[in-house]
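Those protein sequences? They're chains S and U, same order as listed. Residue 1 is where the first sequence starts when you use my numbering, and the numbers rise one by one after that. Residue 1 is where the second sequence starts when you use my numbering, and the numbers rise one by one after that.
For the record, the hints were derived by calculation from the structure and aren't laboratory data. All C-beta atoms, glycine included, are put in the ideal place defined by N, C-alpha and C. Certain hints may be false.
Claimed, not checked - Below, a list of computed lysine to aspartate or glutamate pairs in the EDC-like style, where the Cα atoms sit at most 20 Å apart: (1) S:66 to U:7; (2) U:66 to S:7; (3) U:66 to S:361; (4) S:118 to U:335; (5) S:139 to U:267; (6) S:66 to U:361.
Stated by the list, open to error - Label-pair restraints from in silico Cβ distances: (7) S:246 to U:308: 40 to 48 Å; (8) S:175 to U:367: 48 to 56 Å; (9) S:175 to U:353: 48 to 56 Å; (10) U:219 to S:2: 24 to 32 Å; (11) S:246 to U:288: 54 to 62 Å; (12) S:134 to U:94: 50 to 58 Å; (13) S:152 to U:299: 33 to 41 Å; (14) U:325 to S:141: 23 to 31 Å; (15) U:78 to S:246: 26 to 34 Å; (16) S:367 to U:304: 37 to 45 Å; (17) U:367 to S:155: 48 to 56 Å.
What the hints assert, rightly or not - From the derived model, a few chain S residues whose C-beta atoms are all more than 12 Å from chain U: (18) 32; (19) 63; (20) 86; (21) 91; (22) 193; (23) 200; (24) 256; (25) 298; (26) 300; (27) 305; (28) 315; (29) 334.
Protein chains: 2
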Amino acid sequence: MGKFVIERPVLLLNEQIMQANIERMFNKASSWRVNFRPHFKTHQSEYIAGFFRRLGVESIAVSSLKMAEYFADHGWKNILLAFPVNLLEINLINKLLKTTNLSVFLEDQSVAEQLNAKLKNKLSVYLKIDAGYGRTGMKIENTPQILDLLAKINKLRMLHWMGFGIHAGNSYHTSGKENISKLAGDLQLKMVDFRKKIESVYPNFEITFGDTPILSTIENLAGIDEIRPGNFVFYDAMQWKMGTCNFSDIAVALAAPVVSKHCYRNEVVIYGGAIHLSKEFILNTDGSKNYGYVSKLNAQGWSSPIDGAYVKSLSQEHGIVHLENDTCKLIQPGDVLAIIPIHSCLTANLLGRYTNLQGLEINMFRY
Amino acid sequence: MGKFVIERPVLLLNEQIMQANIERMFNKASSWRVNFRPHFKTHQSEYIAGFFRRLGVESIAVSSLKMAEYFADHGWKNILLAFPVNLLEINLINKLLKTTNLSVFLEDQSVAEQLNAKLKNKLSVYLKIDAGYGRTGMKIENTPQILDLLAKINKLRMLHWMGFGIHAGNSYHTSGKENISKLAGDLQLKMVDFRKKIESVYPNFEITFGDTPILSTIENLAGIDEIRPGNFVFYDAMQWKMGTCNFSDIAVALAAPVVSKHCYRNEVVIYGGAIHLSKEFILNTDGSKNYGYVSKLNAQGWSSPIDGAYVKSLSQEHGIVHLENDTCKLIQPGDVLAIIPIHSCLTANLLGRYTNLQGLEINMFRY
């Protein structure tokens, strides 16, 4: 790591690790012969987008229209809003359609009809399919409902139906490569079955498929045309603990100054709280909440996690780090610790910028 | 509520409710004859600070030096950083001391000595006392440790000792007026006892005391010189459920567009996720997580919460609202719901701005 001054919490970005993560997923997409549409909601940064651009990536996914606008302003032309389209943003949709190939997720007939009435240019749509997550979309088993909506959408002249969007967010409720692979296997059977049922009526369509845990874990995935993972660009403690990445694949860490220590209870206080890390947590094996793992800064960026150390609680700007053995004595106020975030998407969004290991500040979209 | 267009999530601010909250706490401080030092970390906005300024408030608390700088730039001169001072920000401390009466919390001898060596102007300090919360500070029962640090600090010529800072954050682990009053009573005994022990050696000092739950609940608090509550300006679902405010005292709500509905499972999907509400939750009586209550927009702002409705899960930009009875049928995509945040400080920080009920956008500090 270069020599530069850290005065307050910054999100350190190891670009080398990030680049390796990007290339690994890019190569996977190539070897599977599917389109690679990285989800930019995790990093939200044109600088980081450049790493994809240099590989030849042209299509991206985003999680809001404002984020689509940010990337469109930076020259991205093929943007999928991987979110059920929000009717109230019709003006921004119409604006974006003037310059970009925007597509959206759709799952509701009345929304489709209202959209159709208000669109000034044709909008590409993917029907959102729920493959078990239970968040958005029509149930994959409910072919009649899907075919019914599809028939109706195909009559709406301002909508151009592209295919189906599937996100297996339930993979986040799974853990271990074996279980995730099993989930992916079940999902694949469902998708192949679904494709068969639909293909008899509609021979040409695309399936765009998301989620970092499955796409990081499996070696093969038949029946899809496009992948759109997001989190893999940084990974985080949650992915590491799920077994979908190695610790050494995690590309971001919060540099947090130590402001106080209470060794009689094995704790140090860091300047780094809920407005930096978010209140996302995982559970330790003893059932206690863990808001982040703790590493030391070093020449390469940050070390392996300190044994037994974790962020045990967060206030707005405070974090309390639990330590074991004699570690507390070795840490002083004025030191800087590296906190491995539980959920890097939320941490990046909160920080609003990155600092790479040479000390360069990297901007991101901020709404 | 005035007629204005809501296209995407905004944090609605009912200024009338906020003003009443501010005046109630201001009057409490007056009747107790203690200094009122509102904690501006909750709202982080000079526009809202104006409501305090117009009441004659001159002293404020903040949770970061960057926030201190923002308010100093807007003319605030008496600013307490209610946070253990971060040695790495010495340059900003020295800068702020040129124009403001800045004070900080201190709890560590080595920090005191290093600060003293680097300060260019005298800095006012409050020793941080832990009255049971276990986050920061020296234990209130440990008078010898406190007196020892105090004697050392009084020898450091760049530090000007003001008194003690106490924050009873453990009140957040309590619930119900009765329990909070009991906690406050115990705390008061500790503080009176502490004051007696210290006064024999140091007759003149101030105790500055924080936290919204206790200060909202109790009618009397002896033994303190200053109050510095923060959250009371907006309150939120957590305070309401703790019994420290009424629902009608909550001054902010997230306006969130409905993007999809799944009435077969009694759910609607809103554009409003973890990057708007934060992942702070409370537990429903059945043990399920609750990320926000759900109201309808109306002429006065928003309604009482819809019976049985709550935000059951959050993704980055999605929220899933659980509904009961036939409510789902009455809600359509394109409607806007008002979500009562669990923790208004975190929600405000995430949104980065407010919209009042006339549709005026109100800026806040963003770092």
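Check your understanding: Tell me, which hint numbers fail for this structure?
Key -> 8, 9, 10, 11, 15, 16, 19, 20, 21, 24, 28, 29
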